[in-house]
Amino acid sequence: EPEVTQTPSHQVTQMGQEVILRCVPISNHLYFYWYRQILGQKVEFLVSFYNNEISEKSEIFDDQFSVERPDGSNFTLKIRSTKLEDSAMYFCASVTVNTEAFFGQGTRLTVV
Amino acid sequence: AQSVTQLGSHVSVSEGALVLLRCNYSSSVPPYLFWYVQYPNQGLQLLLKYTSAATLVKGINGFEAEFKKSETSFHLTKPSAHMSDAAEYFCAVTLTAGNQFYFGTGTSLTVIP
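If you read the sequences in order, they're chains D and L.
For the first sequence, my numbering begins at 985 and goes up steadily by one.
For the second sequence, my numbering begins at 199 and goes up steadily by one.
These aren't lab readings, by the way, just hints derived from the structure by calculation.
Computed from a prediction, not measured in an experiment: that's the story for all the values here.
Honestly, I wouldn't trust all of these hints.
Some chain L residues well away from chain D (every beta-carbon gap over 10 angstroms; in silico) [stated by the list, open to error]: (1) Val209; (2) Val217; (3) Arg220; (4) Gln243; (5) Lys247; (6) Thr249; (7) Ile258; (8) Lys266; (9) His273; (10) Thr275; (11) Pro277; (12) His280; (13) Ser282; (14) Asp283; (15) Asn297; (16) Pro311.
Partner residues aside, some chain D positions facing chain L, computed with beta carbon under 8 angstroms [to be verified]: (17) Thr991; (18) Tyr1034; (19) Asn1036; (20) Ile1038; (21) Ser1039; (22) Ser1057.
Note that beta-carbon positions come from the ideal geometry of N, C-alpha and C, so glycine has one too.
Chain D on its own, in the form it takes in the complex (with noise of 0.2 angstroms):
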């Protein structure tokens, strides 16, 4: 069975410095999205991407956010400049035409 798959599932990074988590999502799905749950908190919607482009994106997703699909399948999350409260577990999501989204297993990410 198909699915998605984000590395690395856990990060340990020092406040300040960059952070890409990386995504293969399911080769024949449209949307892609980006997915933060802060420990013990709710899942928050990050970004959306279709066609190659941001489709809709949340008031988190600020300029310290970016994604990129660089090579037609990846699908990543920059995180400039990582602040404390940017620790959380991130999920990737793949979307079918029938509004079935799949999500990795998510990458823990852990600012110190």
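Please arrange chain L on chain D, whose structure you already have, making use of the hints.
Chain L in isolation, oriented as in the chain D frame:
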């Protein structure tokens, strides 16, 4: 805008008892509704989805949910709880592919042996 409200952040049931996790939605147009399960330190796994077909939706692991438009509800049920059902459950709503999914705050299910 759409939203979902999950009543009860923690639910405890005895093994073999009925599981009922509540979700109410708000949407100006017919929504797509989902239940996801999250086991500790894992991702979100789709349990079931409602996409305007049958109002009673059956999912994996014996779970089902009923879409009730008059009550704007999409409660998740399972007739008999199993220890392996202990997890966090999230209700979510979206309008269509390409729109963001709005998640509820989650319900933590504990199953007592």
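We went through each hint and held it up to the structure:
At the 10 angstroms boundary, the C-beta of Val209 (chain L) stays outside the reach of chain D, the nearest C-beta of that chain being 17 angstroms off. Every C-beta of chain D lies more than 10 angstroms from that of Val217 (chain L), the closest at about 21 angstroms, which supports listing it as non-interface. A cut-off of 10 angstroms between C-beta atoms confirms that Arg220 (chain L) is not in contact with chain D; the least separation is 16 angstroms. Consistency note on Gln243 (chain L): stated as away from chain D, yet its beta-carbon is not over 10 angstroms from all of that chain's, at 7 angstroms minimum.
Not every CB of chain D is more than 10 angstroms from the CB of Lys247 (chain L) (nearest about 6 angstroms), against its label as outside the interface. The beta carbon of Thr249 (chain L) is not kept farther than 10 angstroms from every beta carbon of chain D, the shortest such distance being approximately 7 angstroms. Non-interface call for Ile258 (chain L) relative to chain D: holds, since the shortest CB-CB distance, roughly 12 angstroms, exceeds 10 angstroms. Remark: the non-interface label on Lys266 (chain L) is consistent with the geometry, its nearest Cβ contact in chain D lying 20 angstroms away (cut-off 10 angstroms).
Every CB of chain D is more than 10 angstroms from the CB of His273 (chain L) (nearest about 19 angstroms), matching its label as outside the interface. For Thr275 (chain L), the condition that its CB be more than 10 angstroms from all CB atoms of chain D holds, with the nearest at approximately 21 angstroms. Non-interface call for Pro277 (chain L) relative to chain D: holds, since the shortest CB-CB distance, roughly 25 angstroms, exceeds 10 angstroms. No beta-carbon of chain D comes within 10 angstroms of the beta-carbon of His280 (chain L); the shortest separation is about 22 angstroms.
Interface exclusion of Ser282 (chain L) from chain D stands, the closest Cβ pair being 18 angstroms apart, more than 10 angstroms. Interface exclusion of Asp283 (chain L) from chain D stands, the closest Cβ pair being 19 angstroms apart, more than 10 angstroms. At roughly 7 angstroms, the least C-beta separation between Asn297 (chain L) and chain D is not larger than 10 angstroms, which violates its mark as non-interface. The Cβ of Pro311 (chain L) lies farther than 10 angstroms from every Cβ of chain D, with a closest approach of about 25 angstroms, so its non-interface assignment holds.
Interface restraint check for Thr991 (chain D): the shortest CB-CB distance to chain L comes to about 13 angstroms, outside 8 angstroms, so the restraint is violated. Restraint check, Tyr1034 (chain D) versus chain L: the minimum CB separation of about 6 angstroms is within 8 angstroms; hint holds. Violation of the interface hint for Asn1036 (chain D) is found here, the shortest Cβ-Cβ separation to chain L being roughly 14 angstroms, above the 8 angstroms cut-off. Because the smallest distance between the Cβ of Ile1038 (chain D) and any Cβ of chain L comes to about 12 angstroms, over 8 angstroms, the interface hint for this residue is violated.
Interface hint status for Ser1039 (chain D): upheld, as the beta-carbon distance to the closest one in chain L is roughly 6 angstroms, under 8 angstroms. Hint status for Ser1057 (chain D) relative to chain L: violated, with the closest Cβ pair at about 19 angstroms, above 8 angstroms.
Hints 4, 5, 6, 15, 17, 19, 20 and 22, counting from the list given before, are not met by this structure.
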